[in-house]
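Enquirer: Here is how the chains run, residue by residue.
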Amino acid sequence: MRPSGIFDERYEDDIAIVRTKAHWWTLLIGLALLFILPLILNNHLLTTINHIGIVIVICLGLSILTGYTGQISLGQSAFMGVGAYTTAILSVQTGWPFWFAIPMSGLSAGTVGLLFGLPSLRIKGFYLAMATLSAQFIIPWLITHIRTDITGGVFSLVVKPPSLWGVVFNTQFKMFYLIMPIAILMTFFAKNLVRSGIGRAFIAIRDNDLAAEVMGINLFRYKLLSFFICSFFAGVGGALWAYWMRAISTDHFGLMDSVWYLGMIITGGMGSTAGVIFGVTYISVLTELAKVVAPLMGIIFSRIGPGAELALQPIFIGLGILLFLIFEPRGLAHRWEMFKAYYRLWPFSD
Amino acid sequence: MFDSVIVKMFLQFFINGLMIGMVYALIAIGVVIIFRSTKVFNFAVGDMILVGGYIAWTFFNIGIPPLLVIILTIVVGALLGLIIDRLAMRPMIGQPVLAAIMVTLATAYVLKGIVLLIYGGHPKLFSGFLPGQTFRVRGIVLTNDMLWIFGVTLFLFILFFIFYKFSKFGVDMRATAEDHQLAQTRGIRVRNIFALSWALAGVTAVVGGILLGVKLSVHLPLADVGLKAFAAVIFGGLESILGALVGGLIIGILENLVGGFIEPTLKEIFPYIILLLVLVFRPEGLFGLKRIERL
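Residue numbers (numbering that gives the first Met the number 0), protein chains in the order written: chain R, 0 to 349; chain E, 0 to 294.
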């Protein structure tokens, strides 16, 4: 739906993501604000924002696989681990620069993702969730038990900070300028991918895979492609994670993380790029809020005991998601669309 | 032949695995009941186990006799299931299934938080909870805990089998599993069946919690046992109760045999390797329904 008075006169207008002048200004001002953000914020908030940026990359991949292609995956954080370890090993063993290590991590995670995507042709739904769940257990085990001389085994592996033209990205402030451009690039890529022929094939598979096959979509190829892209994003996110944490161990890539990534795209709204950003931000902010609110509540309920603030955190996060989903089960993206429709029709919207 | 060390070890690991497998199977049945009735996969099962273990410990600590503890905990478990159904799951009826699953995950968080709030997450031991003594049969050790686990789970399996197969509620539950709308038109209150499914799942989870708590002590990592139950559920096929039973037993036994004979750390991932192989060669699990799809 367009605001009245705005017409698409050429094909380029019709397919443009940024349509109007107002759009362009908002985008440019938004980007400018984003990039001066580190100058204003303190280190703690910056850490949170860097984390959000990395998780957005990871969840974008999952959104393509689960939200667009309809294949549930519970192995995203294991694939992320593959990417992180690839980067770590490349940087420690070969000293390759980050702009080469990051795409390589994406490719290696993508290849592993392909392997676990193979059963997807025969199974779907929860069965597929469980096949990817097995990745979540098998991959960390392999990392901690095979070639422990280069992976560090159960101990954490220290990663060298990335550097470019003499600038070493070793603070949250500098990492921000590494993470955000990549996150924006990946968002742009994901947004465009789902509008292309490949994206439409993915959506057709999600809506009805048999019908899609009858229409001439090669199911095997597109499902595997979707797994590859999903794991590629996970690998890139993992590489960023490795550079950001600078010491990685398999503990960072557990099942609960995978479940949370899925939870973030569900909260944001499935099958929407904006939804990914909303969902990741909502849950990350909720988690951070819990860290602030729980100690305060702990003071109020101090009779219960010193462990109260530790216990109130999961309650706060759990209730935050529970109530949100009960009142808005279609996710934040749905609310956002409703708001946009209201805004366009104003003053005639009811 | 029975005197060879290898055979003895094999039998010992087999029996250990069988016992723990019975518990996995019990918990897995709870997951399957909910999945069959409501099509929702219950991620909160691990924390329901935890709640069961802690509540049983509380009753035990007050000094209530064991049998009464088990009965009281079962009642609390059923109530827990009903509360989750009423407060969290009922608003999700008719909403996307994935959102409902996310709600079970959030419920798990709330339950974990409540447990932490009340018990502080310290391990609680049931010392001398179950009466009896350790038997030795031809060098194979059978502890009283193991025998109790075997007895209680077997009793519940039989009870549940009779309930599900022959009682009015069991028939209604199976009808609901087939088709919600058809069941509704036949006069079955589908919402009540959902509540009943959650109550039954609550019972299986808390009993699992008591038994695991007695064997391993009640502590937070107990919630991870829920994951083993998921593997068991998929192993047997999502919709089959017999499958969940067999899946739980197989996973328990394999886990112990691999852990004992090959490599202890492999124990944790071996069920998942088997799971992957089962899914590749038999996508519907061992006993699952093969759905024929048409356009």
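Errors might be hidden in some of the hints.
Said to hold, decoys possible - Listed below are the simulated SDA-like cross-link pairs for lysine to any residue, each with C-alpha atoms no more than 25 Å apart in a straight line: (1) E:K38 x R:D148; (2) E:K266 x R:L106; (3) E:K7 x E:F260.
As the list claims (entries may be wrong) - Restraint ranges, calculated between C-beta atoms of paired labels, are given here: (4) E:R188 x R:P102: 33 to 39 Å; (5) R:L209 x E:I63: 54 to 60 Å; (6) R:Q92 x E:P220: 57 to 63 Å; (7) E:R188 x R:D13: 30 to 36 Å.
By construction, these hints were calculated from the structure, which means they are not laboratory data.
This one's a predicted model, so the numbers in the text were calculated from it and none came from an experiment.
We put the CB at the ideal spot given by N, CA and C, even for glycine.
Enquirer: Could one say that the CB atoms of L209 of chain R and I63 of chain E fall in the range 54 to 60 Å?
Expert: This hint holds: roughly 57 Å between Cβ atoms.
Enquirer: Given a hinted range of 33 to 39 Å, is it respected by the beta-carbon distance of R188 of chain E and P102 of chain R?
Expert: Given range 33 to 39 Å: violated, Cβ gap about 57 Å.
Enquirer: Is the hinted range of 57 to 63 Å satisfied by the C-beta distance from Q92 of chain R to P220 of chain E?
Expert: violated, 35 Å
Enquirer: Next pair to validate is K7 of chain E with F260 of chain E; report whether the Cα-Cα distance is within 25 Å.
Expert: holds, 12 Å
Enquirer: Does the structure keep K266 of chain E and L106 of chain R at a Cα separation of 25 Å or less?
Expert: Cα-Cα ~30 Å, so violated.
Enquirer: Taking 25 Å as the top limit, are the C-alpha atoms of K38 of chain E and D148 of chain R close enough?
Expert: violated, 46 Å
Enquirer: Taking the Cβ atom of R188 of chain E and the Cβ atom of D13 of chain R, is their distance within the range 30 to 36 Å?
Expert: Cβ of R188 of chain E to Cβ of D13 of chain R: about 52 Å, so the range 30 to 36 Å is violated.
Consistency note: the structure conflicts with the earlier hints numbered 1, 2, 4, 6 and 7.
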